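Under the numbering used here, the first residue of the sequence shown carries the number 1, and numbering increases by one thereafter.
The set of hints was computed from the structure by calculation and includes no laboratory data. Any given hint might turn out to be false.
[What the hints assert, rightly or not] Below 25 Å or equal to it, Euclidean Cα-Cα: the simulated BS3-like pairs (lysine-lysine) are: (1) K71 / K4; (2) K2 / K120; (3) K71 / K94; (4) K4 / K94; (5) K2 / K71.
These figures come from a predicted structure and were not determined experimentally.
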Amino acid sequence: MKPKMILMMGGQGVGKGTHARRLIARYGYGYIETGAILRSLPPESPVAQIMARGELVPDNELFGVIDDAIKNTSGDIILDGFPRTLPQAGWLIKNYADRFDIRVIYMNVPEEIMLARIEKRIREGGGRADDADSAIVRRRLDSFWRITMPAIEWLRTAPGVNFADVDVTDENPDINFERISAALN
Numbered sequence: 001m002k003p004k005m006i007l008m009m010g011g012q013g014v015g016k017g018t019h020a021r022r023l024i025a026r027y028g029y030g031y032i033e034t035g036a037i038l039r040s041l042p043p044e045s046p047v048a049q050i051m052a053r054g055e056l057v058p059d060n061e062l063f064g065v066i067d068d069a070i071k072n073t074s075g076d077i078i079l080d081g082f083p084r085t086l087p088q089a090g091w092l093i094k095n096y097a098d099r100f101d102i103r104v105i106y107m108n109v110p111e112e113i114m115l116a117r118i119e120k121r122i123r124e125g126g127g128r129a130d131d132a133d134s135a136i137v138r139r140r141l142d143s144f145w146r147i148t149m150p151a152i153e154w155l156r157t158a159p160g161v162n163f164a165d166v167d168v169t170d171e172n173p174d175i176n177f178e179r180i181s182a183a184l185n
């Protein structure tokens, strides 16, 4: 039986990281948080400067980082923040579908709820630096709809991928988490 590779996908503020951490606590999955890996880079690095502008990191920069992270994580794993583009999704399926049971959890939330959740995490002191600038938040959301959504739609019907479109709009995160857990079974 192949180990699971769970792709946590959705726009900013949908709770990918929050629910990934809960899945890890419940099921013991390995965790690859692409954003955290990239944010840990020195601020003067080219990748950090790209992210500071609210832009997506180029694929050629990411493939090596993701490949190394996957090789250094055993058992079932959660990928948070990757893939974000159609070429990244294709690369992942091409390179890992034979070794992993790939499951996509698309955390489906309307944009107005994404914005409200980003504002809430800023108010509660948990926001990231790129959450504080409304122009950067807008660019990130525009990138999600323009660049990431086509990857999600492709993964919806990609061979060898188990795709779950999960409504996580409830204000109660426990309800959203149970919906995500149910989609993995």
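Checked hints:
For a cut-off of 25 Å, the pair hint linking K71 to K4 stands: about 14 Å separates their Cα positions. This hinted pair does not check out: K2 and K120 have alpha carbons roughly 39 Å apart, beyond 25 Å. Taken as a hint, the K71 and K94 pair is honoured in the structure, with Cα atoms around 16 Å apart against an allowance of 25 Å. At roughly 16 Å between alpha-carbon atoms, K4 and K94 fall within 25 Å of each other, so this suggested pair holds.
Between the alpha carbons of K2 and K71 the distance comes to roughly 15 Å, so the proposed pair stays at or under 25 Å and holds.
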